[in-house]
Structure formats: C-alpha cells, structure tokens
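Q: Here is how the chains run, residue by residue.
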Amino acid sequence: MLGFTRDRSGSRTHSTSPTRDNKAAPTAAEAMKTVRLSFEEHPKESLHVMLFDQVANSRCEPASDAPRRREVVEADGVGV
Amino acid sequence: MWACSELLERIKAGQFEPEATVVDGELVMDLFPLTVAANKALTSNAREDLVTRSLHAELLHNLSGTKHIVESLKRFGISPKSDKILVAKFNASDEDVQKLRELVKGKEVDVEMLPQLADVDRIKQLYGISPEETQAQYIVDSIIMKMATKNMS
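Those protein sequence lines, which keep their order, are chains L and C. So the first sequence is numbered by numbering that gives the first Met the number 0: it starts at 0 and just counts up by one. So the second sequence is numbered by numbering that gives the first Met the number 0: it starts at 0 and just counts up by one.
Here chain L stands alone, though its shape is the one from the complex (with noise of 0.2 Å):
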C-alpha cells in the first residue's frame, strides 16, 4: 500500500518520503535539487526525479534559423 496521511491542516505527507540524494551530484549545489522517491511496495526501487527549467534542446527554432533539410528530386531538381 502507498500510504499517505493528512493532517489537522489537510496537507499531505508521503509515507514514501522523498529524500534528498546526496551522493548522485558533483556539487552540493545540485544535489539538492535531485529528489529520490522511495516505495513501501518496493522497498528495493527508487526513482530519481530531475527538474529542468529553460530547456534549450527541446524547443522549436524558426527554420530561418536551423539547418534546412531539403531532398532533391533528382528528376526536375526541384528541393522539397
């Protein structure tokens, strides 16, 4: 069973408590913001959770801008 209570107040707390992973991060800095869920179910599991912000390699560019992507037609020559 997950497990999860509430409070006098209504807010939650996880009985699969997330904890802050020390050891996965180069820099105090960035072990901070990495969390690892862990699982009364699964007491051998767990799950590292990341957080990005202004992430640049997923967003679209204006083809203006990007390489363009042409095959040619060998026939008329014509780049589609």
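Honestly, the hints are just simulated from the structure, not real lab data.
Pairs of lysine-lysine, DSBU-like flavour, derived with a Cα cap of 30 Å:
hint : chain 1 : residue 1 : chain 2 : residue 2
1    : C       : K66       : L       : K43
2    : C       : K145      : L       : K43
3    : C       : K73       : C       : K106
In this text, all values refer to a predicted model and were calculated from it rather than measured experimentally.
Here the structure of chain L is known, so what remains is to put chain C in place on it, guided by the hints.
A: Using the frame of chain L, we list chain C on its own:
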C-alpha cells in the same frame, strides 16, 4: 515550418540513454501524482502486467487521466515547445544521473519548484477537472482520482 532539436529527436528515435521518463514539466504540479504513478508502474512490472513497452513508459502513461496509451504519451511527454522538463529514472546510478544532466541542456532547478512551473489551466484541461471539483478539493487530489479511475469508464 519548424525544425526541432536534439532531445526530442533522440527520444523519438529510441536513442535516449540511459532510459528514463521525460515528462512535460508544466504538467506535474506535485511529486505526489508522480509517486503514485511510479508505484503503480512498479506494481504492474512486478506482476508482469505492463500495458506499455517499458517501466519508464508505464510511468508516463500512469500519469495521465486517459487510458489510451498513445494519447497519454503524447500529452505528457515533451513537445517541441516544452522548455520545462522533468526527468525520472528508476534505480538510477550516480553515472546515470550525471549522464541525464549532460543530456538535458537546461537549468536544473529544485524539484520543489514544480508548483511554480506548473501550467494549472493546462493541467485542469488535460485531466478534465471542472471548476466545481477545484472548489471542493485540492487539485492534486482531483488529479490522483482521474489517474486512479481512468480504466473504469
């Protein structure tokens, strides 16, 4: 026309190593739904009852309020416009964590920033949470309910 960059292409090509769940960071407003989804994925895995192809895909599917696998992966996975990304990996080694950091070219922020980065309107729309529900209970509870009951329609 738009040209999308490396990360999304790697995921689509199945070349995102080490394997991890990559979620649109605007759609996770609390660690609790992620914990529930992960616990459910682990239970399904232990029972050899995954409905997706991997434990990490199962986590992404479990996060959604729809039982349609392709739709849930599309909705909660990253899109070309995503600039907030949550990366989750089961049983990650130190090396895995470091590799994932190197793969995602973004500013790593504290996971406690999730509520601030969340797009609450999008979350309400995706889970089909009505204004009445948000008045009656905390929105995260509504999310958990939608996740838990998606197979009951």
